[in-house]
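Please model the complete structure; the sequences and the hints are all you need to start from.
Protein chains in written order, with this note's numbering: chain A, 1 to 283; chain B, 1 to 283.
Misleading hints may appear alongside valid ones.
Because identical chains cannot be distinguished in the list, a pair is counted as satisfied if it fits within a single copy or across any two copies.
[As the list claims (entries may be wrong)] For lysine-lysine, the following DSS-like pairs were computed, each having C-alpha atoms within a straight-line distance of at most 30 Å:
(1) Lys131 to Lys270
(2) Lys258 to Lys199
(3) Lys201 to Lys254
(4) Lys35 to Lys82
(5) Lys101 to Lys258
(6) Lys51 to Lys254
(7) Lys101 to Lys146
(8) Lys236 to Lys108
(9) Lys35 to Lys150
(10) Lys254 to Lys199
(11) Lys150 to Lys137
(12) Lys21 to Lys135
(13) Lys21 to Lys82
(14) Lys101 to Lys201
(15) Lys236 to Lys150
(16) Lys201 to Lys276
(17) Lys82 to Lys258
(18) Lys2 to Lys150
(19) Lys276 to Lys131
(20) Lys35 to Lys101
(21) Lys258 to Lys51
(22) Lys137 to Lys270
(23) Lys276 to Lys35
(24) Lys254 to Lys276
(25) Lys150 to Lys276
(26) Lys199 to Lys108
(27) Lys74 to Lys258
In short, the hints are calculated from the structure, not lab data.
Since the model is a prediction, treat every value here as computed from it, not as a measurement.
2 protein chains.
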Amino acid sequence: MKNIYAIGVGLIGGSLALDIKTHRPDAVIHGISRKDATLTTALELGLIDQKGSLDDIENADLVIISIPVDATVKLLPTILDKIPDTGLVVDAGSTKEDICKVVENHPKRRNFLAMHPIAGTEHSGPSAAVKGLFKGKTNIVCEVEKTAFKLQEPALKLFTDIGMRMRYMNPIEHDRHIAYVSHLSHISSFMLGKTVIDKEKNERDIFDMAGSGFASTVRLAKSSPEMWTPIFEQNKTNVIETLEEYISNLTHFKELMKNDDFEAIYEEMKNTNHIKDILNGII
Amino acid sequence: MKNIYAIGVGLIGGSLALDIKTHRPDAVIHGISRKDATLTTALELGLIDQKGSLDDIENADLVIISIPVDATVKLLPTILDKIPDTGLVVDAGSTKEDICKVVENHPKRRNFLAMHPIAGTEHSGPSAAVKGLFKGKTNIVCEVEKTAFKLQEPALKLFTDIGMRMRYMNPIEHDRHIAYVSHLSHISSFMLGKTVIDKEKNERDIFDMAGSGFASTVRLAKSSPEMWTPIFEQNKTNVIETLEEYISNLTHFKELMKNDDFEAIYEEMKNTNHIKDILNGII
Numbered sequence: 001m002k003n004i005y006a007i008g009v010g011l012i013g014g015s016l017a018l019d020i021k022t023h024r025p026d027a028v029i030h031g032i033s034r035k036d037a038t039l040t041t042a043l044e045l046g047l048i049d050q051k052g053s054l055d056d057i058e059n060a061d062l063v064i065i066s067i068p069v070d071a072t073v074k075l076l077p078t079i080l081d082k083i084p085d086t087g088l089v090v091d092a093g094s095t096k097e098d099i100c101k102v103v104e105n106h107p108k109r110r111n112f113l114a115m116h117p118i119a120g121t122e123h124s125g126p127s128a129a130v131k132g133l134f135k136g137k138t139n140i141v142c143e144v145e146k147t148a149f150k151l152q153e154p155a156l157k158l159f160t161d162i163g164m165r166m167r168y169m170n171p172i173e174h175d176r177h178i179a180y181v182s183h184l185s186h187i188s189s190f191m192l193g194k195t196v197i198d199k200e201k202n203e204r205d206i207f208d209m210a211g212s213g214f215a216s217t218v219r220l221a222k223s224s225p226e227m228w229t230p231i232f233e234q235n236k237t238n239v240i241e242t243l244e245e246y247i248s249n250l251t252h253f254k255e256l257m258k259n260d261d262f263e264a265i266y267e268e269m270k271n272t273n274h275i276k277d278i279l280n281g282i283i
Numbered sequence: 001m002k003n004i005y006a007i008g009v010g011l012i013g014g015s016l017a018l019d020i021k022t023h024r025p026d027a028v029i030h031g032i033s034r035k036d037a038t039l040t041t042a043l044e045l046g047l048i049d050q051k052g053s054l055d056d057i058e059n060a061d062l063v064i065i066s067i068p069v070d071a072t073v074k075l076l077p078t079i080l081d082k083i084p085d086t087g088l089v090v091d092a093g094s095t096k097e098d099i100c101k102v103v104e105n106h107p108k109r110r111n112f113l114a115m116h117p118i119a120g121t122e123h124s125g126p127s128a129a130v131k132g133l134f135k136g137k138t139n140i141v142c143e144v145e146k147t148a149f150k151l152q153e154p155a156l157k158l159f160t161d162i163g164m165r166m167r168y169m170n171p172i173e174h175d176r177h178i179a180y181v182s183h184l185s186h187i188s189s190f191m192l193g194k195t196v197i198d199k200e201k202n203e204r205d206i207f208d209m210a211g212s213g214f215a216s217t218v219r220l221a222k223s224s225p226e227m228w229t230p231i232f233e234q235n236k237t238n239v240i241e242t243l244e245e246y247i248s249n250l251t252h253f254k255e256l257m258k259n260d261d262f263e264a265i266y267e268e269m270k271n272t273n274h275i276k277d278i279l280n281g282i283i
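Quick look at the structure:
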């Protein structure tokens, strides 16, 4: 894999590029972005070796798409049209069903690998890229059987080398689970931030009284709306279901409080403490 | 301040004891706890110098109460009864109205200082105690004018020396604001944990697919129910109000999704991104 094209050079694309450069020093990373200024920054930060364009993809050994998922759905068929028979296209989007669907009948479907590395921070753009972001992180690979083995093998070897642990899943299951463990957390965090901001017009009060606990809970509310709006749109049905369950649990908690049933409140929390054991090892 | 009694030697009491020993090497820290085993651990960890009992408080220069807030409300009048005229009692509870109220007519009200250091982690017990926990953290002091100046001055000097920034507020305002920036985050986190645990019976799925974002949002769900149940009980009215606003914001978000109004979803998130600027400096 000599010529690697990174479409999107932000947090995910940029971090992948950095790690690939470390583990495949001979690779040349070509960056592609809607905005030339972004590419200039990525070049200055050493994320990419040179600026590229979609027209060059006919020379690609590997194309990595890390852009908002609505843009991926629009762009992916065209990119697959251009990829040579010996090249592989992968995407890193947080939704998988719509992305897999848009190429299901594409003549070059075997040149595409759908994946979702579960890694990131609340920051975005090329300056958010960091080395080692994927070390020990799960990479969910969907419909692996639809990708040509000859192409998937070196790519999965590369992602393993940069520290990812592969897990295979179908796109529908992926979107259903990820709604719970990722998409819902973002909404709970955004709406927590909104609730507090709406109430506390005097920001000094928030600043002075908020501790690290609040900061941790609201951290994801710093995330990029450009990235997250299309994720919620594509995973609408699952996300609405998680929201309904979350709202129902919150309402139940509120009713217990109204009824002064603090024994039940205690039990609710005690049972959920169990999350400790589940989370051990994630952070 | 030679004889300091720490009633409660967990995360807060134990961390305070550690910092006080550093900054007042002549002080003797006497630990008091319902459970002797807890005191033994605190002694082994070097948090306290010796085990004490409530009967010794007549010798105290300073008593620090860091126990669940319902226990504080029950115990505080008795402790004030026992404190000598030259001694000060402070509490570190996360609610202030009920605690101030229970001693408002106490003959030794001037020997009490109500405070709430905004510091902590999701862990509890003596082993959770750490040095420097209060460095740069806000300490909210309530009804400072009701405490004898001669007693409050050396205590506030001590807390300043261990790094706290004092902020003065009345107990009602404290409880109203803290419901937003602390108590609500705990419930949002507990109910997020519950929602995911209820859904994902197969824990491997949670473990493998959950990233650092989920871990951060759900971190507070590891908190101690013993500590938090009485906080919610004492701050019931404010907490219910925050919950209603939070649920209403979540419901609105869900309705926007149902109506496919993703422009509005984008705006909701964009406006809340502003939390970045507010949080700068907290962590």
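Okay, the hints, checked on the actual structure:
no. : hint             : in the structure
1   : Lys131 to Lys270 : between (38 Å within a copy, 28 Å between copies)
2   : Lys258 to Lys199 : both (21 Å within a copy, 26 Å between copies)
3   : Lys201 to Lys254 : both (25 Å within a copy, 25 Å between copies)
4   : Lys35 to Lys82   : within (21 Å within a copy, 71 Å between copies)
5   : Lys101 to Lys258 : between (47 Å within a copy, 22 Å between copies)
6   : Lys51 to Lys254  : neither (54 Å within a copy, 41 Å between copies)
7   : Lys101 to Lys146 : within (12 Å within a copy, 69 Å between copies)
8   : Lys236 to Lys108 : within (28 Å within a copy, 60 Å between copies)
9   : Lys35 to Lys150  : neither (34 Å within a copy, 64 Å between copies)
10  : Lys254 to Lys199 : both (19 Å within a copy, 21 Å between copies)
11  : Lys150 to Lys137 : within (24 Å within a copy, 57 Å between copies)
12  : Lys21 to Lys135  : within (15 Å within a copy, 41 Å between copies)
13  : Lys21 to Lys82   : within (24 Å within a copy, 69 Å between copies)
14  : Lys101 to Lys201 : between (45 Å within a copy, 28 Å between copies)
15  : Lys236 to Lys150 : neither (35 Å within a copy, 62 Å between copies)
16  : Lys201 to Lys276 : between (35 Å within a copy, 15 Å between copies)
17  : Lys82 to Lys258  : neither (61 Å within a copy, 37 Å between copies)
18  : Lys2 to Lys150   : within (16 Å within a copy, 75 Å between copies)
19  : Lys276 to Lys131 : both (28 Å within a copy, 23 Å between copies)
20  : Lys35 to Lys101  : within (28 Å within a copy, 61 Å between copies)
21  : Lys258 to Lys51  : neither (60 Å within a copy, 40 Å between copies)
22  : Lys137 to Lys270 : both (29 Å within a copy, 28 Å between copies)
23  : Lys276 to Lys35  : between (43 Å within a copy, 24 Å between copies)
24  : Lys254 to Lys276 : both (24 Å within a copy, 29 Å between copies)
25  : Lys150 to Lys276 : neither (41 Å within a copy, 45 Å between copies)
26  : Lys199 to Lys108 : neither (53 Å within a copy, 37 Å between copies)
27  : Lys74 to Lys258  : between (49 Å within a copy, 23 Å between copies)
Violated hints for the displayed structure, listed by number in ascending order: 6, 9, 15, 17, 21, 25, 26.
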